[in-house]
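Chemist: Letter by letter, the chains look like this.
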Amino acid sequence: MITLTLKERTAVPLEAESLSPDVTANLSCDAVRALPVLLGKHPYRVDEFFDVEGEAGDELAIRGDAGNVKWIGRGMTRGKIAVEGNAGMHLGAYMKGGTIEVSANASDWVGAEMSGGSIHIHGNAGGQIGAGYRGSPKGMTGGTVIVDGAAGLEVGMRMRRGIIVVRGPVRDFAGLQMKGGSIFLLGGAELRTGAWMIRGTIVTLKEVPLLPTFAHDYDGNPVFMRLMARHLQALGISIPCEPHEGTYQCHSGDSAVPGRGEILVWRPVG
Amino acid sequence: MLRITGGKVYDPANGIDGVVKDISIADGRIVAAVDGGRVIDARGMIVFPGGVDIHTHVAGAALNFARAMTPENHRQATAFLHTPERRAGLGGQTPTTFATGYLYAGMGYTTVVEAAVPILSAKHTHEELRDTPIVDKGCCVLMANNEIVLDLLEAGEIERAKEVVAWLIWAAKGYGVKAVNPGGVTAWKWGKDAKTLSEPVVGYSNVTPAKIIASLAHIVDQLGLPHPLHLHCNNLGVPGNVATTLETMKVLEGNRAHMAHLQFHSYGGADWHTMRSEAAAIAEYFNAHPNLTCDAGAILFGNAVTITADGPWQHLLHQLTGKKWGNLDVENETGCGIVPYTYKGSNLVNAVQWAVGLELLLLIDDPWRVFLTTDHPNGACFWRYPEIIHLLMHADVRRERVKKLPAKAQSRTTLGDLDREYSLLDIATITSAGPARALGLANKGRLGIGADADLAIYNEKPDGELLFRYPRYVIKGGEIVVEEGEIRKMSEGREFIVQPTYDGAIEEYLRPLFQQYYTMSFENYPVELERLEGADVRQLDGHG
Chain L
1 MITLTLKERT AVPLEAESLS PDVTANLSCD AVRALPVLLG KHPYRVDEFF
51 DVEGEAGDEL AIRGDAGNVK WIGRGMTRGK IAVEGNAGMH LGAYMKGGTI
101 EVSANASDWV GAEMSGGSIH IHGNAGGQIG AGYRGSPKGM TGGTVIVDGA
151 AGLEVGMRMR RGIIVVRGPV RDFAGLQMKG GSIFLLGGAE LRTGAWMIRG
201 TIVTLKEVPL LPTFAHDYDG NPVFMRLMAR HLQALGISIP CEPHEGTYQC
251 HSGDSAVPGR GEILVWRPVG
Chain S
271 MLRITGGKVY DPANGIDGVV KDISIADGRI VAAVDGGRVI DARGMIVFPG
321 GVDIHTHVAG AALNFARAMT PENHRQATAF LHTPERRAGL GGQTPTTFAT
371 GYLYAGMGYT TVVEAAVPIL SAKHTHEELR DTPIVDKGCC VLMANNEIVL
421 DLLEAGEIER AKEVVAWLIW AAKGYGVKAV NPGGVTAWKW GKDAKTLSEP
471 VVGYSNVTPA KIIASLAHIV DQLGLPHPLH LHCNNLGVPG NVATTLETMK
521 VLEGNRAHMA HLQFHSYGGA DWHTMRSEAA AIAEYFNAHP NLTCDAGAIL
571 FGNAVTITAD GPWQHLLHQL TGKKWGNLDV ENETGCGIVP YTYKGSNLVN
621 AVQWAVGLEL LLLIDDPWRV FLTTDHPNGA CFWRYPEIIH LLMHADVRRE
671 RVKKLPAKAQ SRTTLGDLDR EYSLLDIATI TSAGPARALG LANKGRLGIG
721 ADADLAIYNE KPDGELLFRY PRYVIKGGEI VVEEGEIRKM SEGREFIVQP
771 TYDGAIEEYL RPLFQQYYTM SFENYPVELE RLEGADVRQL DGHG
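Protein chains in written order, with the numbering used here: chain L, 1 to 270; chain S, 271 to 814.
Check each hint, because a few of them may be wrong.
What the hints assert, rightly or not - Facing chain L, from chain S, some residues (calculated, C-beta under 8 Å):
#, residue
1, Pro341
2, Arg345
3, Thr348
4, Asp636
Simulated from the structure, these hints should not be mistaken for laboratory data. Don't be surprised by glycine CBs; every beta carbon is placed ideally from N, CA and C.
For reference, chain S alone in the conformation it holds in the complex:
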């Protein structure tokens, strides 16, 4: 039992904006009142619901490949030394599993979603998530280049495709469906990409990226998944890709969708020299279409490691930069590319990217539909979120930074003209309440009675400039996990999983395909529920 008294509470889900209010906790949940137990005197502090990261890359084969490829980063990274409470690990651009949990919790985040999981290597992802302590977790499963699904779309068998998608989500023990460069990663296996939404994907005659996007969004809604289709659009990172992104959003009309790392998809211009921000055009469309949510995918200057299932883009990035490149092929399902990268403030393209991320966060009106991410570790590491929050809250600081950009870059963005400043309530919305709602996690991101007791408590007036860097207390599931800057308790997080309804007969359709096309036998393919610790399964009855 625990009581937090005297703190200013920011709880957007319940419309509470800085009201001094006591919070009582029992059995891991927020309750009306408790008798006895520890009392935290939170006078002079602000109380937030624990952060929810809707899009990050923290576990799995691709991330591990990136870790192996970047020993130079590990040598510079913060080391977590072994203590009786804590395991050893490394921070840096691609933190190790245990360190990932410590770093997220140490920043006040208590729920994270690993955004790109190939089903074929989902076992690996779950093993790593099990070793990512403290935070609760969920996975989005890669589908938009799965050749069994695409073959069914080619044949016009939408109903069977829906059964297959449902079966695959449960096989991977996933929480949502992810689409990355729909059709493009399949085309990459032919050395090609999918640049236009309306042209057939290489190897198919009537499957286009638009068809994949519309079909998956429809299937996800039909299955009643709590989180809509999680979409990484075609033409990521390319000047002029605003046209593709707007066209994609039109394709999605009538369905829900979450637009991932929208910053990477909001560029104008014809080439790298003429690249400019088109955040305003994206925000204008987005503001008028409530079926969509998005996360920023903002970048910060400094070292990053780009990791994505978008294989063709990574090859292009390697050719552009000359940096080392890793490429993985995941049989019939997807691909993966890795390129370590450094964003430089003096570089025109990077400066525009930096501005676009912030512009989107400022130009999209509704904080319930745009969330704070850096597409970790692609745009910047998640542990740098407080730097972005600082920029969102202070227009003058932003303007000073804009003045330091190359003159050409300043003329390609409107960031310096934006006066909006985020309030603390807005910050609580984009870091917690909003993403929790978009994920359909009813007990996260809020501080009402019955909610999970996940809280972050910060000094109202911090010593340094960054309010959100060092929480005074972090409480996860009712336990104090961070206190006075130290990890105090090593709790295990839960894993959120959905079980959509499907007809068991679909297995008889899939089994021969596996025997013919996969290196893994059908029986060995699904992740067994027993392998997961703390599985929190939600049965879905949406069918048809």
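Chain L extracted, bound-state conformation:
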């Protein structure tokens, strides 16, 4: 495992897409030290900002306050990155496989346009988790993002497949223009959840204000929720699905687009 310890937080963001197991796996420690990073528009070496130690392998540990380090794990296909502290924007963007774990907070665009692999943020995350970048027709097409804390705007914007779970509250426009996949909001959401969604599923365990373009469809405990609950249980997340615990109120929309997505709101017994 290679360990990179950030010497100090930079004033402007450091762009570090070379910090990925795909790049470092077969490199010596010295070669990792010489990898390029960009500060502003100028290229520098990794060791101008990080102390680098350890042996090459599929694992990478990043220590220190990397909240200003962008593009960690960009496009990675395998291996593991453990960020012990904060991570900057675009963490795991375009990733295809492997795992990323962040012990504190992450910024915006976590897992943007990812197609596989998993990301677990133990703190809060910013907005645009698993989203499609501006202009792109679709966001994440596979993989899993779990956030233990809160998240920002446009969670899962234009996502096509995959799973996003946020334990804390999220802000406006969760599932904006969603085209498929599933978003689990364990702590509810602010405004305009599911706006312009075409397909896909948003499950919320707390009441959320619904747009008038979502119509009440049915109340019940659909079979697929039981399957989802079992799948999520393996990831350490429990969601209710049994009739004696309560029912899901299902709303379909967004008829403004028009779309066939669904928002399931949990109603516990009593």
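Place chain S on chain L using the hints.
Modeler: Just chain S now, with coordinates in the frame of chain L:
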């Protein structure tokens, strides 16, 4: 001074087919001999005249709109980092201005024609062309939906229409006249299109698309423009449009014309499910009519951005695909639509389109009359030309690709049965000598004494499959601009402009029309010659 020794020279204009021959260069031109100067040892290499792209979209308001609409493409594009010799830029589907020059030069092309310039935004186009380095440039100016011109045709005032066309070309600092979907873009302002050549255009009683086409072709010939009418026919992209295209070519009898991106106009069938290639029918007619030239407008599978003045077609394409759509209105002159698009080999329509482009290039006998283009960025990016050249030179590679098409598509084309293989001389003709002649650029596309010293030198036996992807040297105006895969020199290209003769009194006719109908004042409308760098003006004396 520069001497290139030992290379096999392919110079179709002078009938030189792979002859080992020295070429001497002085003061930007090819000369008989030089004393001293650098010598390039070109043994084991082939020497071509620099490429000439007769139809591309690389500058102007429409292209800029397309760039703004497709940030998702820029993120995937090749970045050109800033160096002391080179400016920063991006490649991809709609390259930035500087990158456009680098990419064309990097492929051995030294002259490009921006094929669709609205006069109202010609200043913008020239600003961008000025920032497109290395290559020489020219513009075709949009006329077939210009309401001042159409009003004169309605009134039967052909002579005055000719004066107006001449004035407009000079106002735009153009090189040729372009007609896009004649009458159709005007009709689009009423939410309509012009689908048949013989029906009056919406808003007119006796102006038909056929009349616009015939009149403009006649006017262009009368004015003595070096390049004939550059025509994008009606019904682009629609199954069954072969009938329209054949009818258009009949209308053009007696005049010269250049049929742009003919691939998009050579389809049979009644709808998208029955669409088939009619390249053979088009080629048969075309082969028998030497008044015409054409460019292929071939497509390749992958991402593209469709940009055209053909507003109604773009709206239809948006409805068909659900992709994002941009629409621009250019006052009394033209329109513009933009739809990003992905051509897929598994799609029946796209597979037929792919075959049609290659079929036209193979079925039209005379390489002096059919030129290599992809209608960049509509069919594919210009930097993918080497892929098409590879297919033209190898019938077996083509057959392998045809076998991968959907079975239904294979039955709608004859591409797999065509055995013709392009020779290197043929390639030099369709990429350089032919388009230069069709453009009337006497010093381009040839390597004889007195010609512009624009050359591309390739390894005869390349490492990869694509011979034309990486030239060893590119020489533009006598300077080595590309060497060992790197841009070495940032020369500025010239701009070719024609100045047709017109009676100055025409301005008194136009001025009140501008005050009444335009948002721009008459005085601000023409592009001032001083705004252009490297203007190369050709005075025309053809009048009457």
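Chemist: With reference to the structure, classify each hint as holding or not holding.
Modeler: Do the hints match the structure? See the list:
1. Pro341: Hint on Pro341 of chain S: holds, closest Cβ of chain L at ~4 Å, below 8 Å.
2. Arg345: Interface hint status for Arg345 of chain S: holds (6 Å vs cutoff 8 Å).
3. Thr348: At about 16 Å, which exceeds the 8 Å cut-off, the nearest Cβ of chain L leaves the hint on Thr348 of chain S violated.
4. Asp636: Not OK, violated: Asp636 of chain S not within 8 Å of chain L, min 43 Å.
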